[in-house]
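Going line by line, the protein sequences match chains A and B.
When we follow this note's numbering, the leftmost residue of the first sequence carries the number 1, and every step to the right adds one.
When we follow this note's numbering, the leftmost residue of the second sequence carries the number 1, and every step to the right adds one.
None of these hints come from the bench; they were simulated from the model.
Please note: incorrect hints may appear among the correct ones.
Capping the alpha-carbon separation at 30 angstroms, the derived lysine-lysine pairs in DSS-like fashion look like this [to be verified]:
id	chain 1	residue 1	chain 2	residue 2
1	B	K669	B	K494
2	B	K479	A	K276
3	B	K585	A	K320
4	B	K568	A	K320
5	B	K129	A	K276
6	B	K494	A	K320
7	B	K585	A	K118
8	A	K10	A	K35
9	B	K585	A	K148
10	A	K276	B	K40
11	A	K181	B	K602
12	B	K649	B	K602
13	A	K219	B	K494
14	B	K602	A	K118
15	A	K183	A	K118
16	B	K585	A	K181
17	A	K195	B	K597
18	A	K183	B	K602
19	B	K630	B	K615
20	B	K300	B	K129
21	B	K479	A	K219
22	B	K597	A	K183
23	B	K597	A	K181
Derived coverage of chain A by chain B (criterion: at least 3 residues anywhere in the stretch with Cβ under 8 angstroms from a Cβ of chain B; other residues may be distant) [as the list claims (entries may be wrong)]:
id	region
24	103 to 109
25	119 to 127
26	219 to 225
27	229 to 241
28	253 to 266
29	285 to 292
30	318 to 331
Note that the Cβ used here is the ideal one computed from N, Cα and C, for glycine as well.
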Amino acid sequence: MQEQLQLIKKQAEEDLQKCLTMDQLNEVRIKYLGKKGELTQVLRGMAQLPAEERPLIGQLANEIRDSLENSLSLYSEKIKVKELEKKLRAESIDVTLPGIAPDLGRRHPLHLVLQEIKNIFIGMGFTIEEGPEIELDYYNFEALNIPKDHPARDMQDSFYITPEVLLRTHTSPVQARTMEKTKPHVPVKIIVPGKVYRRDDDATHSPMFHQVEGLVIDKNIRFSDLKGTLLNFARQMFGPEQQIRLRPSFFPFTEPSAEVDISCVMCKGAGCRVCKQTGWLEILGSGMVHPRVLEMGGYDPEEVTGFAFGMGVERITMLKYGIDDMRHLFENDVRFLHQF
Amino acid sequence: MRVSWKWLNELVDINLKPEELAEVMTMSGVAVEGIEYLNKGVRGVIVGLIQEIYPHPQADKLSVCKVSVGDAVLTIVTGASNVKAGQKVPVAVPGAVLPEKKIERAVFRGLESEGMLCSADELGMDADKLPPEQRDGILILAEECPVGADIVPLLGLDDIVLELELTPNRADCLSMINVAREVAALTGGRLKLPEIEKSGASQACEALIKINIQDQDLCKRYVGRVIEHVQIKESPLWLKQRLLAAGVRPINNIVDITNYVMMEMGQPLHAFDYDCLADKTIIVRRAADGEEITTLDGKKRELTPEMLVIADAHKPVGIAGVMGGLESEVTAQTKTILLESAYFHGPSIRRTSNALALRSEASLRFEKGVDLEQVSLAADRACQLMAQLGAGVPVEGQVDCYPHPEERYPIRLRLERVNSILGTDLGETEVEKILKALNITILERDLEDWHVFTPSYRRDLELEIDLIEEIARLNGYDKIPTTLPYGATTQGAKNAEQRLHDRISEIMVGQGLFEVITYSFINPRHLDWLYLPPGHELRQTVVVSNPLSEEQGIMRTTILPGLLETVKRNINKRNKNLKLFELGKVYLSSGFPGERKLPQEKWVLGAISTGKKEKTWAYGEENYDFFFLKGVAENIFSSLGLGDVSFVKSENNPSLHPGRCARIIVGGKKVGFIGEVHPLVLEKYGIEQRAAVFSLYLDELIGLVSEAVRYQPVPRFPAVTRDLAIVVPEAVEAGQVLGVIKDTGKTLLKNISLFDVYRGQQIREGYKSLAFSLTWQAEDRTLTDEEVNKLHREIEAALARELGADLRR
Chain A
1 MQEQLQLIKK QAEEDLQKCL TMDQLNEVRI KYLGKKGELT QVLRGMAQLP AEERPLIGQL
61 ANEIRDSLEN SLSLYSEKIK VKELEKKLRA ESIDVTLPGI APDLGRRHPL HLVLQEIKNI
121 FIGMGFTIEE GPEIELDYYN FEALNIPKDH PARDMQDSFY ITPEVLLRTH TSPVQARTME
181 KTKPHVPVKI IVPGKVYRRD DDATHSPMFH QVEGLVIDKN IRFSDLKGTL LNFARQMFGP
241 EQQIRLRPSF FPFTEPSAEV DISCVMCKGA GCRVCKQTGW LEILGSGMVH PRVLEMGGYD
301 PEEVTGFAFG MGVERITMLK YGIDDMRHLF ENDVRFLHQF
Chain B
1 MRVSWKWLNE LVDINLKPEE LAEVMTMSGV AVEGIEYLNK GVRGVIVGLI QEIYPHPQAD
61 KLSVCKVSVG DAVLTIVTGA SNVKAGQKVP VAVPGAVLPE KKIERAVFRG LESEGMLCSA
121 DELGMDADKL PPEQRDGILI LAEECPVGAD IVPLLGLDDI VLELELTPNR ADCLSMINVA
181 REVAALTGGR LKLPEIEKSG ASQACEALIK INIQDQDLCK RYVGRVIEHV QIKESPLWLK
241 QRLLAAGVRP INNIVDITNY VMMEMGQPLH AFDYDCLADK TIIVRRAADG EEITTLDGKK
301 RELTPEMLVI ADAHKPVGIA GVMGGLESEV TAQTKTILLE SAYFHGPSIR RTSNALALRS
361 EASLRFEKGV DLEQVSLAAD RACQLMAQLG AGVPVEGQVD CYPHPEERYP IRLRLERVNS
421 ILGTDLGETE VEKILKALNI TILERDLEDW HVFTPSYRRD LELEIDLIEE IARLNGYDKI
481 PTTLPYGATT QGAKNAEQRL HDRISEIMVG QGLFEVITYS FINPRHLDWL YLPPGHELRQ
541 TVVVSNPLSE EQGIMRTTIL PGLLETVKRN INKRNKNLKL FELGKVYLSS GFPGERKLPQ
601 EKWVLGAIST GKKEKTWAYG EENYDFFFLK GVAENIFSSL GLGDVSFVKS ENNPSLHPGR
661 CARIIVGGKK VGFIGEVHPL VLEKYGIEQR AAVFSLYLDE LIGLVSEAVR YQPVPRFPAV
721 TRDLAIVVPE AVEAGQVLGV IKDTGKTLLK NISLFDVYRG QQIREGYKSL AFSLTWQAED
781 RTLTDEEVNK LHREIEAALA RELGADLRR
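Based on the provided sequences and hints, a complete structural model is requested.
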């Protein structure tokens with residue numbers, strides 16, 4: 001009996017070693033531990049054994065069964081691991097096949113830059129005002145201290161609809177409209193983004209383009225505040241190392257007036273083709289709101305002062321992305337749009 | 001304004017290099033746009049006298065010259081035909097350098113040439129500004145040029161020109177003297193202005209000429225002087241060089257002197273042939289209707305009563321400030337001239353010169369306003385020069401017609417105001433120093449205030465703020481501190497409309513559409529291309545009265561033309577699969593002009609899609625068709641929380657496919673349309689593939705969108721999903737079926753998805769099968785099978801009753 005048990009154990013272990021799959025392992029389990037399994041048979045035959053042998057044989061049989069079950073579970077683990085490995089190997093993919101990306105669109109570069117400009121000024125406490133693009137001559141010119149026959153009207157050759165109505169030549173009429181609406185309350189702190197129109201069409205001019213106007217009116221607004229505000233803007237827009245430079249200029253609706261240059265974004269001021277070797281790039285016009293404009297807007301220039309500035313979005317966009325021809329911006333070639 | 005460096009140095013001491021002065025001027029408001037060195041590289045070219053000239057023995061087209069250059073006589077071969085013995089010419093001797101080449105001895109057809117005779121062009125000069133006879137061939141030099149002398153100073157090539165870009169307020173710098181004053185103010189350099197002999201009123205002059213300003217609103221002052229014994233000849237070299245450097249073509253001594261004074265003092269002058277003036281009378285008046293004059297350029301001009309003329313007793317003899325008349329032109333025969341120096345109304349000159357398309361250095365100065373107080377002095381200056389140069393003998397004195405001398409008022413300037421506007425901390429002495437540099441006179445000083453008088457040539461200085469700008473400018477903008485506004489904090493923000501536009505743009509980009517920006521104006525033919533019938537509301541256009549071309553003829557009333565053109569342009573470049581959107585305005589004239597002061601501007605979202613998403617290795621292709629674009633629109637509405645949306649079939653949009661077009665209704669309001677572009681419209685645009693478009697009026701949406709979101713509890717009980725397939729007649733729209741299902745399913749129905757539309761085998765002709773997947777869910781319990789079965793039976797019954805649907809099993 002004892003020998004028979006030892007033999008079963010030996011055979012079972014040999015069988016187990018040959019197992020490669022779970023199915024084979026199950027067969028081994030049934031062969032030895034199943035209802036009609038060899039070990040089960042032996043245990044059933046225990047009843048016929050003399051009583052004094054029973055404990056001994058019983059103990060041995062149990063030991064062998066335990067060891068067999070142990071081995072079975074051990075082999076089962078091994079085979080599971082192997083089978084998983086095999087499955088994973090079979091499921092292997094070519095990871096260099098291109099991904100299946102959902103389509104992604106793009107915002108127009110002008111609007112990306114406009115959005116950035118808006119965010120910078122919102123951060124400085126400005127709200128956004130808009131106004132009509134087809135505008136009364138009064139708001140576009142007269143309320144801005146540009147009476148009829150003023151030579152400054154030459155600077156902005158305009159598209160007219162009727163003698164009194166035109167396509168606005170700048171976003172500045174919204175200054176006048178906002179003052180009219182807000183007077184006599186201060187502070188006024190707005191930027192005005194929008195489309196403007198001038199009778200020009202070549203590589204550097206488009207008959208339609210975009211501007212952002214800024215206007216601040218409050219008690220005690222100084223020219224130095226304009227400088228600080230624009231420096232802050234330039235540094236956020238073009239980098240913390242940015243310098244700005246103000247040059248005296250002339251606009252009928254501001255005085256003192258200044259053209260504002262930023263250090264060249266290409267060469268960092270060293271001098272290059274883009275800045276014509278000057279190290280500076282002109283990006284906006286600005287100044288203190290002319291007292292006559294404040295008066296026409298319903299404010300007392302002795303009580304409040306203000307500053308205003310205006311920049312061309314196309315120019316800033318072209319500088320920021322290194323675009324060399326303005327016409328790209330309105331041709332909307334998707335290979336161009338895709339780059340932003 | 002072209003400023004001669006040599007001339008400027010005669011008027012003011014300058015211790016800077018041209019580049020340094022240019023920087024100083026630019027940084028203080030008179031921008032120097034460019035610096036031109038007139039010598040483009042000429043070296044070793046000297047004056048030669050042609051002693052003898054004879055044909056080249058071996059060549060028809062060449063001549064041989066014996067040219068004296070002082071210490072030698074050179075043999076030079078030339079191809080020019082305009083040279084004669086006795087003329088002085090520029091000679092590039094061997095070793096000389098020209099802008100384009102280096103000169104060496106060379107042999108021409110067997111004869112050695114010891115140098116070259118030069119043309120103006122070869123010397124790098126701007127030939128256009130030379131008298132016509134000097135433009136071609138060898139440059140013939142003036143008699144006075146010494147033989148053997150370096151040509152560079154003689155031709156003024158040693159000069160440098162600063163090109164000023166003047167802002168409209170600084171027209172005073174259209175004068176060399178005023179530029180010198182500006183330089184002196186900026187650098188502290190000593191001024192060296194010419195001394196001018198002033199004349200006064202004289203009977204001698206009054207006896208010769210009567211001046212009558214009839215239209216005093218257009219002419220504030222008119223000064224006449226008479227010059228007798230006039231001798232018309234060439235101007236001396238130095239005068240011609242000045243004019244050439246300034247960009248003015250020398251003509252003869254009289255004209256050149258008037259131009260010289262204009263450049264020097266900024267006052268345009270005009271010389272009439274005195275003997276041509278009827279009754280020796282000058283009348284300054286508006287032209288009569290239909291009056292005509294032949295101007296100096298030989299053209300007959302019809303005048304209008306808006307134009308100011310200078311007339312004699314009978315007829316106009318010049319268009320004031322714009323151009324003189326041919327009849328009274330100064331010619332070689334002229335014996336006596338009347339010299340005019342006047343102040344004309346700028347805007348009137350501007351209108352006249354625009355109307356006649358005649359713009360000149362003179363009209364430019366009148367437009368911007370000359371120095372009213374210097375009108376008489378400029379005439380004297382010209383007479384002084386004429387006398388000096390032997391051009392004529394000025395009659396003593398002048399006639400100065402100045403009916404209402406201008407009254408000028410002092411300006412109050414407050415130190416506190418200066419500093420509070422600029423944010424500076426300037427002291428009294430600093431400000432006074434600047435005022436002095438600018439030639440601004442301090443009349444009196446009380447407490448903190450100055451009362452000052454500005455010089456007459458600075459007509460731009462009228463108000464205190466003008467003076468503050470001058471102080472800032474001369475003190476230097478770089479010395480303005482950098483501060484930020486102080487005071488109440490303000491809240492920066494976008495308003496609801498701006499936020500909506502941002503959200504919509506982001507949703508569009510998120511769905512794979514590219515944003516485009518197209519022109520707001522369109523060619524009016526687009527309305528025809530869109531097949532809009534006469535009287536259509538989109539034909540109520542805002543018309544541009546002065547477009548550059550028909551491309552800017554009208555403002556767009558629809559966003560489609562820009563989108564269609566963009567598609568066409570991209571397809572031309574082989575970008576065939578496109579999904580584009582634009583968020584911009586359209587402009588409707590409704591009621592304008594008339595009851596509305598301005599046209600209506602409406603915000604529109606337009607989208608266009610065409611082509612397909614190409615098949616990939618993993619998935620098949622996907623068309624960018626009507627249903628793609630409809631899905632894009634539906635996503636916008638659902639992202640904005642708009643539930644009550646319907647697409648209602650519409651057949652009357654003339655630009656769209658009549659069978660594939662719908663009105664979009666949100667909250668009961670029509671907000672736009674969607675459809676496939678009509679094939680005839682596509683044909684007009686040259687697009688050979690189908691395209692779908694939609695257009696939404698965003699102003700209609702804004703009232704319907706709520707930004708406030710209320711949380712709904714996430715359902716705790718499981719959902720049951722069950723399919724429903726029905727067969728309906730072809731004419732029944734999916735929308736109707738969905739409507740019935742929704743109405744019947746009520747609140748327990750959480751979602752319906754139409755997953756199959758089928759026609760063909762097993763389905764009767766004229767019918768189609770629609771398969772839906774319905775999701776049911778209750779908030780308070782798990783739905784039982786019985787409940788759902790009952791709901792489905794109700795839906796089936798309703799569909800059968802209302803739409804004649806059969807259940808398909």
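Quick rundown of the hints versus the structure:
no.	hint	result
1	K669/B <-> K494/B	holds, 26 angstroms
2	K479/B <-> K276/A	holds, 25 angstroms
3	K585/B <-> K320/A	holds, 26 angstroms
4	K568/B <-> K320/A	holds, 29 angstroms
5	K129/B <-> K276/A	holds, 28 angstroms
6	K494/B <-> K320/A	holds, 24 angstroms
7	K585/B <-> K118/A	holds, 20 angstroms
8	K10/A <-> K35/A	holds, 20 angstroms
9	K585/B <-> K148/A	holds, 29 angstroms
10	K276/A <-> K40/B	holds, 21 angstroms
11	K181/A <-> K602/B	holds, 21 angstroms
12	K649/B <-> K602/B	holds, 24 angstroms
13	K219/A <-> K494/B	holds, 24 angstroms
14	K602/B <-> K118/A	holds, 22 angstroms
15	K183/A <-> K118/A	holds, 24 angstroms
16	K585/B <-> K181/A	holds, 23 angstroms
17	K195/A <-> K597/B	holds, 20 angstroms
18	K183/A <-> K602/B	holds, 27 angstroms
19	K630/B <-> K615/B	holds, 21 angstroms
20	K300/B <-> K129/B	holds, 25 angstroms
21	K479/B <-> K219/A	holds, 23 angstroms
22	K597/B <-> K183/A	holds, 22 angstroms
23	K597/B <-> K181/A	holds, 18 angstroms
24	103 to 109	holds (count 6)
25	119 to 127	holds (count 7)
26	219 to 225	holds (count 7)
27	229 to 241	holds (count 3)
28	253 to 266	holds (count 4)
29	285 to 292	holds (count 3)
30	318 to 331	holds (count 3)
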